[in-house]
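Engineer: Protein sequence lines, in the order shown, are assigned to chains A, B, C and D. Each residue of the first sequence is one higher than the one before, counting from 1 in the UniProt record's numbering. Each residue of the second sequence is one higher than the one before, counting from 1 in the UniProt record's numbering. Each residue of the third sequence is one higher than the one before, counting from 1 in the UniProt record's numbering. Each residue of the fourth sequence is one higher than the one before, counting from 1 in the UniProt record's numbering.
Be careful, since some hints might not be right.
Unchecked claim - Facing chain B, from chain C, some residues (calculated, C-beta under 8 Å):
1) 55
2) 57
3) 61
4) 85
5) 116
6) 123
7) 126
8) 140
9) 212
10) 216
11) 218
12) 240
13) 242
14) 243
15) 246
None of these hints come from the bench; they were simulated from the model. We put the CB at the ideal spot given by N, CA and C, even for glycine.
4 protein chains.
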Amino acid sequence: MVKVSVVGAKGRMGSHVVAAVNGADDMELALTLDAGDDLTRIDRSNTDVVVEFTVPSVSLGNVLTLIAQGVDVVVGTTGWTDEKLAQVREAIANGPRPSDQKVFIAPNFAISAVLADYFATKAARYFESAEVIELHHPNKVDAPSGTAIHTAHGIAQARKDAGLGEVPDNTETDGGSRGQVVDGIHVHAVRLRGLNAHEEVLFGNAGEQLTIRADSFDRGSFMPGVLLAVRKLAGDAPTGLTVGLDNFLDL
Amino acid sequence: MVKVSVVGAKGRMGSHVVAAVNGADDMELALTLDAGDDLTRIDRSNTDVVVEFTVPSVSLGNVLTLIAQGVDVVVGTTGWTDEKLAQVREAIANGPRPSDQKVFIAPNFAISAVLADYFATKAARYFESAEVIELHHPNKVDAPSGTAIHTAHGIAQARKDAGLGEVPDNTETDGGSRGQVVDGIHVHAVRLRGLNAHEEVLFGNAGEQLTIRADSFDRGSFMPGVLLAVRKLAGDAPTGLTVGLDNFLDL
Amino acid sequence: MVKVSVVGAKGRMGSHVVAAVNGADDMELALTLDAGDDLTRIDRSNTDVVVEFTVPSVSLGNVLTLIAQGVDVVVGTTGWTDEKLAQVREAIANGPRPSDQKVFIAPNFAISAVLADYFATKAARYFESAEVIELHHPNKVDAPSGTAIHTAHGIAQARKDAGLGEVPDNTETDGGSRGQVVDGIHVHAVRLRGLNAHEEVLFGNAGEQLTIRADSFDRGSFMPGVLLAVRKLAGDAPTGLTVGLDNFLDL
Amino acid sequence: MVKVSVVGAKGRMGSHVVAAVNGADDMELALTLDAGDDLTRIDRSNTDVVVEFTVPSVSLGNVLTLIAQGVDVVVGTTGWTDEKLAQVREAIANGPRPSDQKVFIAPNFAISAVLADYFATKAARYFESAEVIELHHPNKVDAPSGTAIHTAHGIAQARKDAGLGEVPDNTETDGGSRGQVVDGIHVHAVRLRGLNAHEEVLFGNAGEQLTIRADSFDRGSFMPGVLLAVRKLAGDAPTGLTVGLDNFLDL
């Protein structure tokens, strides 16, 4: 049984993590902490893996403390910069377990979204045309989504690597309907009440189409990815810092 | 048996019409004419209904001649303006059959597209959100499609009639991914090799979505609509000029 | 302001209704009752419309009591038979407001599902082929869904009324993949973790396809339909018993 | 320039191949042969790669002759058994170029279909639920399609390899709507006028869905795969017999 503590346990994501850990046969819930609680209560005597879902302003501090406590950490909080990641790597090197500490940070724990992004990059070189449509709830303030931009960049890079030219497009007159062009790839953002987070990647050749779509209906969609990361850290994950759930998928 | 003549019989659409008439149990192919042929060979002794699929520059002249010949006409050629339509009405009034001549003109003969447009207008008042995505082959020069603009206007009008306000959209930063706003409705245009002509209308409320999609895979998709129009003209269509296939659908 | 009381207020659906009424600008929440509470506390002095979401075994009794109390009722509980509906009609006739009492019962309050069903019936006569795919969570015990069966019957009836024959199907060998044939229409049921309740109706002609899809992502999807019914009963709904949300849609 | 000859050049597929070769910048059309033509006219002096699209009853003989002529062969004809493949391998070993002869046989040249199948196998282990829907024109005599059966087997094997149990399904009553169960995976077949060959693979976890869909709209959809195979045989394809287009994709 993997002993799992949760930091940010009362938060929107953290409460889902608590429920998911309680529902997993191979895990037991250890400590559940929230803002104001003392993180040094967590150590290797009571915890194998910590799941940290808080806010960007406190997450780095939390992770550095947990590294000093010698426990492995799965981080779901967003807002990580290269500079912050460097601080994590340095803390691991100077911490109590420089040779076997494991920290995992992911911008997206939805397995469907991570797979869609990966498959899109793999497929890109085999099609003349490619476009990305992302669809979200209307409360989202940025468009297009970071995931869609990431997917578009991945497709563009794969096309370049394969020597493909620009996507075919004879449009002469347009009032904006052709969307945002990200690295040569047209990206469209739909905002619709009732939706959560969705992405559809369309590829076309003469006579054929390939469509890859990921739907995240609610926050529960991140839990299989979180549990997968916990198991990997308790198992055969590489030591040190790992960024991105695709590193833990066997693809 | 309805005797059907085809004008523009060797053209891309006309050749499909010839095949469709030959394949219809209740029709027989009469004359097939093309550029340079004498349209006055067509009259009521040999033809009940003419199908005219040519080019905008000659279509009006063809239709006026056919009205003078006293035959009913289904017109698939595009490019009709209010002025041209007025000339057709005048020609009917001054022609040999002012009281029972029938002329039918349609911008779109794809039944699926006409139905999708109609259903979208009906559904619009019941949803907070609505967006339109049209998808076409990359050789299309205009974006978005005329059909998508028509659908967006219909949705917008239905929303206004029902007293609905603007669609919810909290987007603060966007580089163009939210598409073209037509009368308050966001319209997106995808261009993908392998596609022909497709439209998807998305409606959303809290917790629910309604999607209506029309796919036109090839020119054959117009034939059921053309045959329906021929049967209507040979049957109970109203006399005079009728514009739009929705007039012949029982909705 | 319409005064709305909720019976079954602590139930899965009832608690959504309480929230929806609280969120509606034109309604105010009156009484919220649950199992064991005295329904005769509800009367015209405190309530315009009652929303009743309980269980089939008690719903008829509740409705009869509420009719005797003289309040209008929207019923979301399922399990209504012709016999039970007759008892409701009789209670209205013998109640305190025989000439202006309004009672509304609906098997499905999801507007998207009701519209999809209605549009499918309208479209059916114009296509050679039609099939229905319903998709639900894997805990559902019956397949296909009642809604899918209803849709298939509606399509079949529309085809018969229009003189259409059987759908084309040259399948010679099949191990069950062609689904259940309901009144000549093939119906497929998908069961997938993560889904809630979804239905897709596919229509095809040579070269074209029309797809109508309704997604109900969660119970909140029923609230727009419930609020619509409340407004109709407080407004211009016909007196007596009305069954089915399509009666309140302007189609 | 790769010199390409086509055997079965007047056939439904062969005529598309002729057009595709003529449209490729890096290929030139050499000989075009059909039934009754002498295959020994093809040799290394005039041809680098032959594309053979005929019928199962003559394909093996053609391939053996072409191997004896010393030219590399791309075979699109179906109906290959293990026994026939063994004969091809033997012919290569005993032919004029045992060490560098290349023969390629593929059951499906649609890149989108091959990728969808491959991605489905990769994704399978990460989802609780998986189902397959294939959709074809109504003239198809077998259901489900061979491709859908292949995909279902691949998903089932991947689930077993990962230690996953059965897909969740609480269905108690069903009249056939749940489809055909292939190795534990439910497979549904839709037959709709207007469609050609399509496959959709649905994966589900709590709160999320991944959908992979391949559409083949017409025979032209096979040409990018055929040209890819020709280029591979003229390039770095392994010597000997290769079966399946996935071997030529960089995945």
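Engineer: Are the hints correct? Go through all of them and say.
Structural biologist: Here is how each hint holds up against the structure:
{"no.": "1", "hint": "55", "result": "violated, 22 Å"}
{"no.": "2", "hint": "57", "result": "violated, 27 Å"}
{"no.": "3", "hint": "61", "result": "violated, 30 Å"}
{"no.": "4", "hint": "85", "result": "violated, 26 Å"}
{"no.": "5", "hint": "116", "result": "holds, 6 Å"}
{"no.": "6", "hint": "123", "result": "holds, 5 Å"}
{"no.": "7", "hint": "126", "result": "holds, 5 Å"}
{"no.": "8", "hint": "140", "result": "violated, 18 Å"}
{"no.": "9", "hint": "212", "result": "holds, 6 Å"}
{"no.": "10", "hint": "216", "result": "holds, 5 Å"}
{"no.": "11", "hint": "218", "result": "holds, 5 Å"}
{"no.": "12", "hint": "240", "result": "violated, 24 Å"}
{"no.": "13", "hint": "242", "result": "violated, 18 Å"}
{"no.": "14", "hint": "243", "result": "violated, 19 Å"}
{"no.": "15", "hint": "246", "result": "violated, 11 Å"}
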